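A.B. asks: Residues per chain, in single letters:
Number of protein chains: 2
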Amino acid sequence: MIGRLVVVGVGLLGGSVALAAREGGVAREIVGVGRDRQRLEGPLRAGMVDRIATDVDAGVQNADCVVLAATVSANEQLLEIIWRSVPAGALVTDVGSTKRGIVAVAERLAVGRPLGFLGSHPMAGSEKSGWQVARADLFRAATVIVTPTDATDPRAIKGVTALWEALGARVSALDPETHDRTVAAISHLPHVAAWALVDAVARFEPGALAFAARGFRDTTRIAASDPPMWRDVLLANTDAVRASLVAFRAALDDLERLLATGDAAGVEALLTRLKATREGLA
Amino acid sequence: MIGRLVVVGVGLLGGSVALAAREGGVAREIVGVGRDRQRLEGPLRAGMVDRIATDVDAGVQNADCVVLAATVSANEQLLEIIWRSVPAGALVTDVGSTKRGIVAVAERLAVGRPLGFLGSHPMAGSEKSGWQVARADLFRAATVIVTPTDATDPRAIKGVTALWEALGARVSALDPETHDRTVAAISHLPHVAAWALVDAVARFEPGALAFAARGFRDTTRIAASDPPMWRDVLLANTDAVRASLVAFRAALDDLERLLATGDAAGVEALLTRLKATREGLA
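Heads up: the protein sequence lines correspond to chains D and X, in order. Just add 137 to the spot in the first sequence (first one is 1) and you have the working numbering. Just add 137 to the spot in the second sequence (first one is 1) and you have the working numbering.
Hints may contain errors.
[Stated by the list, open to error] Partial list, computed: chain D residues near chain X (C-beta under 10 Å):
id : residue
1  : Gly249
2  : Leu326
3  : Leu389
In short, the hints are calculated from the structure, not lab data. Quick caveat: nothing in here was measured; it's all calculated off a predicted structure. The C-beta atom is built at its ideal place from N, Cα and C for all residues, glycine as well.
Let's have the full structure, built from the sequences with the hints guiding it.
C.D. replies: Quick look at the structure:
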């Protein structure tokens with residue numbers, strides 16, 4: 138049981154943390170922090186949070202746990218402010234899609250003031266954004282990857298893990314580098330592919346969009362994801378995204394080579410292997 | 138109302154034609170034709186078809202309407218046999234994902250014997266295959282693209298269009314070349330992208346597959362599609378698929394260039410445009 142839980146950035150993820158914490162009786166009081174008071178009034182009126190604050194310093198006063206849920210680059214800047222303002226015993230985590238950056242900021246700040254920070258990344262989300270689409274069950278049966286390092290306070294590992302488990306998630310640990318490579322492959326690369334599919338058709342065969350059926354819709358659903366959030370994610374993880382693009386282009390080239398040579402047996406063998414891999418996902 | 142409807146190839150699409158025709162009272166008798174008697178006994182026992190035949194010549198005797206629903210290359214071969222055997226007044230169509238090939242075969246055969254053929258492509262399907270996943274409502278509110286040419290018998294256009302409408306579909310007409318380019322863009326290219334995504338992750342970051350969440354799953358759902366069917370589709374439409382790959386690689390390159398130069402405003406503007414395009418799909 139947390140006394141005061143502060144969510145900085147009350148959108149899909151931050152709002153869902155608040156709702157899940159409320160439903161699970163995880164926190165006595167939930168504070169929502171954001172830049173724009175008007176945008177915080179919806180979550181307040183909806184009972185998602187008990188109090189709101191537009192000043193981060195004031196918002197995290199007496200916090201027992203702070204969850205940073207703004208964009209990746211905003212989280213890094215906010216962490217500097219929060220680090221000075223939260224009580225010594227507070228737990229701090231974030232929900233950003235890349236982890237090397239914020240973990241590096243935390244380790245730098247910890248030299249001046251030791252504090253219980255652990256990076257988190259809930260593998261849950263939607264192409265929709267905003268507190269209106271937040272759900273109390275967003276994390277239920279979802280995986281949250283946490284990214285401890287040798288420098289992480291064991292109390293933070295224990296406390297933040299317990300928080301996510303209380304919100305219904307399964308917790309897995311990866312080091313920040315492995316995390317960023319992993320999500321480049323299974324999240325950022327599929328987003329890039331979805332955007333490129335929409336772009337390719339819109340630019341080169343726009344009339345075809347009128348015939349888009351379920352295959353195109355499912356494959357490109359995430360192309361409608363929040364642009365400012367994803368701008369930050371892609372720029373924070375550019376090296377890993379580009380490495381995954383090298384692998385993706387190699388895979389495209391291999392399939393195209395089989396087509397170009399009319400290698401029917403080779404095409405069928407490749408598709409059979411990939412069908413098995415896809416169906417093997419847990 | 139059709140007297141005898143013959144479905145050649147009783148899988149997802151052929152089985153769904155039979156079920157929808159049955160439910161809509163569209164045909165008095167439905168015959169299922171396939172190579173393997175044992176595999177036809179399931180649809181027969183399930184009441185999906187009234188009779189089965191493994192001999193195509195015998196199966197299409199006295200047919201009023203024949204729907205070819207095997208793979209693209211098998212349909213072309215079957216069309217030659219059927220063309221000789223069906224009554225003069227019969228309507229013939231197919232459900233293949235590429236149309237230039239079978240329309241060319243039909244036009245060649247029509248020189249020797251005029252017959253009512255119209256190519257069809259229902260924009261409905263699934264990554265699952267087989268008669269067990271056939272559904273009476275598969276075509277409801279789906280688009281069926283038909284591909285008449287100047288040489289097509291107007292009676293076939295009218296009759297086959299009426300059949301699809303009776304099964305619940307909306308019918309649009311494209312010439313075979315435009316059809317093949319259109320489906321390369323909105324169906325074949327997304328499949329290729331889905332296979333390449335699975336392949337890239339499996340080969341270069343296999344540990345990441347354990348963390349695949351909804352984004353990866355939706356984007357790659359169609360990577361589990363039937364390999365023999367898709368081997369044929371890709372090889373029948375290789376030129377159009379490769380042209381769409383040129384457009385796709387150009388779109389990937391453009392996005393990567395913005396990342397490589399750290400162009401945050403450019404990335405956000407591109408993602409904003411693509412989100413609007415994706416959300417604009419009817």
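A.B. asks: Decide, hint by hint, whether the structure agrees.
C.D. replies: Here's how the hints hold up against the structure:
no.	hint	result
1	Gly249	violated, 29 Å
2	Leu326	holds, 7 Å
3	Leu389	holds, 5 Å
The structure shown violates just one earlier hint, number 1.
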